[in-house]
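Go by the hints and put chain B onto chain A.
Protein sequences, first through last, are from chains A and B.
So the first sequence is residues 1 to 114, counted in my numbering.
So the second sequence is residues 115 to 230, counted in my numbering.
Treat the hints with caution; some may be incorrect.
What the hints assert, rightly or not - For lysine-lysine, the following BS3-like pairs were computed, each having C-alpha atoms within a straight-line distance of at most 27 Å:
no.	chain 1	residue 1	chain 2	residue 2
1	B	K152	A	K44
2	B	K117	A	K44
3	B	K229	B	K152
4	A	K44	B	K130
5	B	K184	B	K217
These are computed hints drawn from the structure, not numbers from a lab.
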Amino acid sequence: DAMVIQNPRYQVTQFGKPVTLSCSQTLNHNVMYWYQQKSSQAPKLLFHYYDKDFNNEADTPDNFQSRRPNTSFCFLDIRSPGLGDAAMYLCATSGSTDRRAEAFFGQGTRLTVV
Amino acid sequence: AQKVTQAQTEISVVEKEDVTLDCVYETRDTTYYLFWYKQPPSGELVFLIRRNSFDEQNEISGRYSWNFQKSTSSFNFTITASQVVDSAVYFCALNCPNTGGFKTIFGAGTRLFVKA
Numbered sequence: 001d002a003m004v005i006q007n008p009r010y011q012v013t014q015f016g017k018p019v020t021l022s023c024s025q026t027l028n029h030n031v032m033y034w035y036q037q038k039s040s041q042a043p044k045l046l047f048h049y050y051d052k053d054f055n056n057e058a059d060t061p062d063n064f065q066s067r068r069p070n071t072s073f074c075f076l077d078i079r080s081p082g083l084g085d086a087a088m089y090l091c092a093t094s095g096s097t098d099r100r101a102e103a104f105f106g107q108g109t110r111l112t113v114v
Numbered sequence: 115a116q117k118v119t120q121a122q123t124e125i126s127v128v129e130k131e132d133v134t135l136d137c138v139y140e141t142r143d144t145t146y147y148l149f150w151y152k153q154p155p156s157g158e159l160v161f162l163i164r165r166n167s168f169d170e171q172n173e174i175s176g177r178y179s180w181n182f183q184k185s186t187s188s189f190n191f192t193i194t195a196s197q198v199v200d201s202a203v204y205f206c207a208l209n210c211p212n213t214g215g216f217k218t219i220f221g222a223g224t225r226l227f228v229k230a
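This is chain A alone, in the form it adopts within the complex (with noise of 0.2 Å):
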């Protein structure tokens, strides 16, 4: 069973128009994480929760944003999409309070942007 669950999997949005992707887990886990993975390259965190507290990595551009309502969800809004975000973005979970466990990672959002 899928522990990490990212929505949609396929994404189509248009230039400039606001998008937003899920992702829901039921491992219970305090550590959400987004990753942004273009083609042919290895994942880059762009952000990860700690329970509530949001921590920004200090290249993610502004245009990309994290909420989390609560401990299972978590979405990632990219408010002015352009073709370089055009991209796989990969959420995953882990579950340890001192860093070292490792992520469980969801299927992933692949975003077009047309």
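Showing chain B alone in chain A's frame:
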């Protein structure tokens, strides 16, 4: 600076061959964790192994084995008797909790093709 280098972009082997995926890491931290993940065509990254910096024991899990050598800052991954289902992108990753918090740094990945 913390960095993970996977020099092999793509590897192609024939089924039943053994294959080793290389990973070299850089960090000045004494406490760190190394990971390998597999990313099949379906997209999700699947955790394979975690090693901490204080445990240099090699590990074997079925056809998979890992060789961790601090002297060369390497954490190589060997698949014995490869199978078509092993075809995927494999990522080596590094976490340094004392300086990097929850951030995990991924290498660029190695795409493995196993041909029947």
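Tested hints:
1. For a cut-off of 27 Å, the pair hint linking B:K152 to A:K44 stands: about 16 Å separates their Cα positions.
2. Using a Cα cut-off of 27 Å, the hinted pair B:K117 and A:K44 holds, with the two alpha carbons roughly 13 Å apart.
3. Distance hint between B:K229 and B:K152 is fulfilled; the C-alpha atoms sit about 18 Å from each other, no more than 27 Å.
4. For the proposed pair A:K44 and B:K130, the alpha carbon gap of about 33 Å is over 27 Å, so the pair is violated.
5. For the given pair, B:K184 sits about 21 Å from B:K217 by alpha-carbon distance, which is consistent with the 27 Å threshold.
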